[in-house]
Amino acid sequence: MAFAAFATTEAQPQAPRRRSRIALFLLLPGIAYLILFFLAPLVSLLLTSLQQPNEFGDIGVYDYGFNWQNYVDVVSVYWEHIVRSFGYALVATVLALAFSYPLAYFIGVTARRWPLLQGLMLVLVIAPFFISFLLRTLAWKQILSDESFIITSLKALSLLAPDAHFTGTPFAVIFGLTYNFIPFMTLPLYTTLERLDLRYLEAGSDLYASPFTVFRKVTVPLSMPGIVAGTLLTFIPAAGDYINASRDFLGGPDTQMMGNVIEANFLVTLNYPAAAALSIILMAAILVIVGVYVKRSGTEDLL
Amino acid sequence: MSGEVQAGAVLGGLAEEQQLDGGPRRAGGRRGARPRRIGLGDWLLPAYAVIALVFLLIPIVYTFVFSFNDSIKSNISWRGFTFDKWLNVCNVEGGAVCEAFGNSIVIGLVSTLIATTLGTMIAIAIVRYRFRARSAISLLLFLPMATPEVVLGAGLAAQFLAVGVPKDMLTIILAHTMFCISFVVVTVKARVASLDPALEEAGRDLYGSPSQVFWRVTFPLLTPGILAAALLSFALSFDDFIITNFNSGSVSTFPKYVYISASRGIPAEANVIASAVFLFAIVLVIAAQVSRAARAKRLAKLG
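Residue numbers (this note's numbering), protein chains in the order written: chain A, 1 to 303; chain B, 1 to 303.
If you're looking for bench data, these hints aren't it; they were derived computationally from the structure. Do not rely on the hints blindly, as some may be mistaken.
Stretch by stretch, here's where chain B covers chain A in the computed footprint (C-beta under 8 Å, at least three residues) [said to hold, decoys possible]:
1) 36-43
2) 68-76
3) 123-130
4) 255-266
5) 281-287
Note that the Cβ used here is the ideal one computed from N, Cα and C, for glycine as well.
For reference, chain A alone in the conformation it holds in the complex:
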């Protein structure tokens, strides 16, 4: 997976042998591009987050400064959004893992004998990628709207209170995040499970371990790289997402996440420093979480 791919270079058998000007020529344009359009923007985001309002009070005009107060302000105003972002992302990641693991296990292990079936099932897993992200989220909104068949029949069966809504609730947002990022979870899991050597599982059961113990002590540890890659690939975009939580999609006024307030501050109220400070907080928090998580799960070599 992407995360694993970066680790393998150093140990490859055909290790880098030559040093030459060609390497510089090959690297320079791309690296320069990333410095210019990835690193420099992060720096300008940092500078923007420290700006102060223009003294003449024009809306959307700010002067460079060292206004730490911006961070204090956004945390005190938007702490609920910050907590919500990471909370929703965490729940969605756990749900996606629970949903994906059996599916990935079936595709990667049970279906091994039929490569064509395996391939076709993988196509079905990534199929949602081929339809617009926004349209598939809207499709869920309409499928689960108050007038929809599913919700009205649930209400008719009294499984749902007559005045209950689904869209606009935290459940809907978490549902949307889970659905939209399931393929990111399933594919890395599949990749590691597909390589799982079943002889280890046999050894476990030969040693009188129950199927559950074999799963917990053998299968799960062996699929750890997939679990780590999958949870990161789900958690990071879910924490920064603002489509699902947006009012026009699955969210409501009380489900706004960090992405929503960053967008609103940047593009609607033109409060650039606040948007930038929130972005920096989001980025820093994610880097810390990813770092700690990868260290704790003992898969440093993934990064």
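Based on these hints, arrange chain B on the given structure of chain A.
The following block gives chain B in isolation, referenced to the frame of chain A:
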């Protein structure tokens, strides 16, 4: 398209997997089949997999079905079957949908071309050459994939604002190229690493000039990897919404069109375009899978 950046890693991993896939790795699984009692457990997992895959496809089917809806303005309730929307895609709202779609295609093609070129160069350099600051460069390539899109988008927008660049098609292309490069590197790198250096040596031994060796030996061998990377990067660009939204100014793209019309109802024509793109992509992928399975079978017969 929020998490699509990270989705790229997934698709990239898939492409990578296709290239490295040989027969032997599966051997461990084949011999894993051992006599077992047929019980409830044997049906549980396949049944779950079927339900899970059906669940993943629900919004796709919904979007497709509603592209045939004889809707008037908003496409929410079913009013009857018609082919009109497919036949007159560009007639609604003065062709706004088609204009947005065309913009998305142009942006996708240009940023794919640039990102694939720069990314392939980096991938070759990383695998084949020795250079200083290797770990810093690996980090610089990894970070864009681990950064939430909203941060990438806001950062670039802050930079364009600071420099005073007006947002238009060009800024979208610059942004898309930036987030595609890393995915191209990951995808192509796997291919470069699996390339036998002896083939290039043979070319040199036969008095091929460095450029002849590159264009006649290296490049053709890398083509599958480069193609996979280009497809991936086009898909990422085509479906990106969050980064585009921050850097597009008044230019419309297909996802942006959907986002903006979400509040007032999306015309069925948007479903038509999304469904057509979906069908095109799925045919492409299934064809690739089938030919891959056929090739594996042929190789298995030979071995």
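Taking the hints in turn, this is what the structure says about them:
1. Using a Cβ-Cβ cut-off of 8 Å, 6 residues of the stretch 36-43 of chain A lie near chain B, which meets the minimum of three, so the contact claim holds.
2. Restraint check on the stretch 68-76 of chain A versus chain B: 0 residues with Cβ-Cβ distances below 8 Å, three needed, restraint violated.
3. By the rule of at least three residues with a Cβ nearer than 8 Å to a Cβ of chain B, the coverage given for the stretch 123-130 of chain A holds, with 8 such residues.
4. With a threshold of 8 Å between beta carbons, the proposed coverage of the stretch 255-266 of chain A by chain B holds, since 5 of its residues qualify and at least three are required.
5. For the stretch 281-287 of chain A, the proposed coverage by chain B is satisfied: 4 residues have a C-beta within less than 8 Å of a C-beta in that chain, meeting the threshold of three.
Of the numbered hints listed earlier, the single one contradicted by the structure is hint 2.
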